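Asker: In order, the protein sequence lines correspond to chains A and B. Going by the working numbering, the first sequence opens with residue 1, and the numbers climb by one from there. Going by the working numbering, the second sequence opens with residue 1, and the numbers climb by one from there.
For the record, the hints were derived by calculation from the structure and aren't laboratory data. Please read all numbers here as calculations on a predicted model, not as lab measurements. Any given hint might turn out to be false.
One copy or two, either will do: identical chains are not told apart, so a pair holds if it fits within one copy or between any two.
Result set (SDA-like, lysine to any residue): computed pairs, CA atoms no more than 20 Å apart in a straight line [what the hints assert, rightly or not]:
1. 377 <-> 199
2. 281 <-> 318
3. 281 <-> 112
4. 281 <-> 319
5. 281 <-> 312
6. 281 <-> 309
7. 281 <-> 307
8. 327 <-> 73
9. 192 <-> 226
10. 327 <-> 171
Protein chains: 2
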Amino acid sequence: MTPEATGLQLRSTVRQDGTLEVSLARVPIPDPKPEEVVVRVDASPINPSDLGLMLAGADLTTVAVSGSSADPVVTARIAPALFRGLAGRVGQSLPVGNEGAGVVVRAGSSDQARALLGKTVAVLGGAMYAQFRAIRASQCLVLPEGTTPAQGASCFVNPLTALGMVETMRLEGHSALAHTAAASNLGQMLQKICLKDGVELVNIVRSPEHVNLLRDIGARHVVVSSAPTFMDDLTAAFVATGATLAFDAVGGGRLASQILSCMEVATNRTAKEYSRYGSTKHKQVYIYGGLDRGPTELTRNFGMAWGIGGWLLTAFLTRVGPAAAQKLRERVAAEIQTTFASHYTKEVSLAEALRSEEIAVYGKQATGQKYLINPNKGL
Amino acid sequence: MTPEATGLQLRSTVRQDGTLEVSLARVPIPDPKPEEVVVRVDASPINPSDLGLMLAGADLTTVAVSGSSADPVVTARIAPALFRGLAGRVGQSLPVGNEGAGVVVRAGSSDQARALLGKTVAVLGGAMYAQFRAIRASQCLVLPEGTTPAQGASCFVNPLTALGMVETMRLEGHSALAHTAAASNLGQMLQKICLKDGVELVNIVRSPEHVNLLRDIGARHVVVSSAPTFMDDLTAAFVATGATLAFDAVGGGRLASQILSCMEVATNRTAKEYSRYGSTKHKQVYIYGGLDRGPTELTRNFGMAWGIGGWLLTAFLTRVGPAAAQKLRERVAAEIQTTFASHYTKEVSLAEALRSEEIAVYGKQATGQKYLINPNKGL
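Kindly generate the complete structure, drawing on both the sequences and the hints.
Answerer: Rendered as structure tokens:
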């Protein structure tokens, strides 16, 4: 197979006038350096973390698409309050796509690189929404024989995040954990990990429809945040599990605060005497996503031993160090078709990903609406 | 001096019907055990942390006082949302008053106790809003010769909190810090400590009137939160100092969020390339008070490397351990008339403290409105 001289790459730009532009650039495929390979990207998921970079928080009701269907240009307006936080990227045409998988079609002269020729590999490298991606051979995770690029597309972000949550729980002295938007691909992985590792997990879902999805994979604690009994249900789950750590994908609204309140009630239920500052057991919520971009509202009726903070996969991997990170990656590769299997509702090409009707669907980040980009689809 | 057989003690009760009751109980003065002394409490400050236990978050517009002027009974209503969090103390008559100072009037048989007879000591022990307090001799901090009980009344809560803030800054890898409600007694102490220790401090005050108070003791960075230029001023102060840690006495509203936003802008101003998840420098706000009991609102426009949490003196002292805590206490005693000097607007007796017009003043926790209770005043 002869690689072409150029390939398409998805680019996102925040313009000085406060608008977002997303389009496809035709870029040369670099000659691989000795220790590099060129991967033909056949599958790359649209994760919420990709949407942050790609759509820059733009108002999706203002999306307009110009250009041809093969070469579309998407524009949308960014609210002034958000635009201020984007100063660092204004005017820069940024490639997008954290992770993906494909076949190594060219290799540099080193042995390590040449050994990968023809192999199906998974890559976490950024700029994966592209037909071709040059990358160091050492950054390629070789997928087990028989794994397709679509099956291996999500080897890193969701699996390592789910593993990172359980690892953070251990590192910070908690014995069980909770997770919001729990019916997501990530949530299902987390439940499977917890079952395998014997860790109690409280799943918080938004809709009753998602309860069975989690029950079917073995979930013991599933709480519906839209139910009138939510606070009581959640408290009961915290009493049952002892969870004092939660990972929240929602971010905005009162959910994080409600979690802390219920944890406080649960921990005090076993307390022997009144503690004026509340439970001395530290209760922690990490916000790792922003499904609700509105403000987070904390009622602070949960004593003084509490924390809320951002949680980011890259910061976690830095914290545990390269050896521990590599062990996690190897576990993912070994269990990619079981524990870490992902499900997609639709596969689209780069150009199809820029259709307004598709943006309207995947931009909502609804549970069970996950897209896979195949940059070489139909080309 | 012969101690009386009984003494008055202030008590706070949250009743099952959702009301607060504060009154004076006449309690026997215990015979000191061998290692104990009895302190005649001559001065005990009303700190915000005392008000939490004493007033239980009750709605101060509903305060009613019955009984005689010498034996008043205060009642007030507690909002249902807050009442839920008080379940652990319902029906219990709790003594109040974290700290204070006075003269040792009786001593147990041990040498250590007898050595304290007649000495002026400071005590952190709870139940200090009382004429007499029996306490272990080892818990008494002997004040330097010539120190009055009023001068030594606030040896612990504010001084150790201020020292704890600077110590937390060091422990968690920050190089400068910020403080809200900075014109308070605590804030002034913190500024004096920072000047002595060569630590940069960003003082955030609510009103322009408080700027000079801090400037007069040597503050270099004072920012007024009610000014239209607040966000720019605060960002400039963070650029100048590099502060990525703040201690917030306010709690409610948007102040904590604004602090994180300005820290993020300040840290990004020196960044070399766009980081999609914001600055990787961890930014932290600790809420240690609740001057605004309303919800905390976080806009989350400050990247992913951030945290907010509760900060409590007792948890800090546990964290650093007894030897470090003792060193801090000794520093306080040595500098009680300089760095750690407190100022009070009014001295009241126990009964006077329960007058509705006094509650209305100290209940507001306004800067420069600090009360000292003298439980033996006029008795």
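Asker: Give a verdict on every hint.
Answerer: Status of the hints after comparison with the structure:
Taking identical chains as interchangeable, the C-alpha atoms of residue 377 and residue 199 are never at most 20 Å apart, the minima being 40 Å within one chain and 59 Å between chains. In this assembly of identical chains, the alpha carbons of residue 281 and residue 318 lie at most 20 Å apart only when taken from different copies (13 Å versus 27 Å within one copy). In this assembly of identical chains, residue 281 and residue 112 lie within 20 Å of each other by CA distance neither inside one copy nor across copies; the values are 50 Å within and 35 Å between. Taking the shortest Cα distances, residue 281 and residue 319 sit within 20 Å of each other only across copies (13 Å), while inside one copy they are farther apart (24 Å).
Only between protomers do residue 281 and residue 312 lie at most 20 Å apart by alpha-carbon distance; the minimum there is 12 Å, versus 24 Å within a single protomer. In the homo-oligomer, the alpha carbons of residue 281 and residue 309 lie at most 20 Å apart both inside one protomer (17 Å) and across protomers (13 Å), since each shortest distance falls under that limit. For a Cα distance limit of 20 Å, the shortest separation of residue 281 from residue 307 qualifies both inside one copy, at 11 Å, and across copies, at 18 Å. Taking the closest pair of Cα atoms, residue 327 and residue 73 never come within 20 Å of each other, the shortest separation being 41 Å inside a single copy and 65 Å across copies.
In this assembly of identical chains, residue 192 and residue 226 lie within 20 Å of each other by CA distance neither inside one copy nor across copies; the values are 24 Å within and 51 Å between. Taking identical chains as interchangeable, the C-alpha atoms of residue 327 and residue 171 lie at most 20 Å apart only when both belong to the same chain, with a minimum of 16 Å there against 30 Å between chains.
When the structure is compared with the earlier hints, violations turn up for hints 1, 3, 8 and 9 and for no others.
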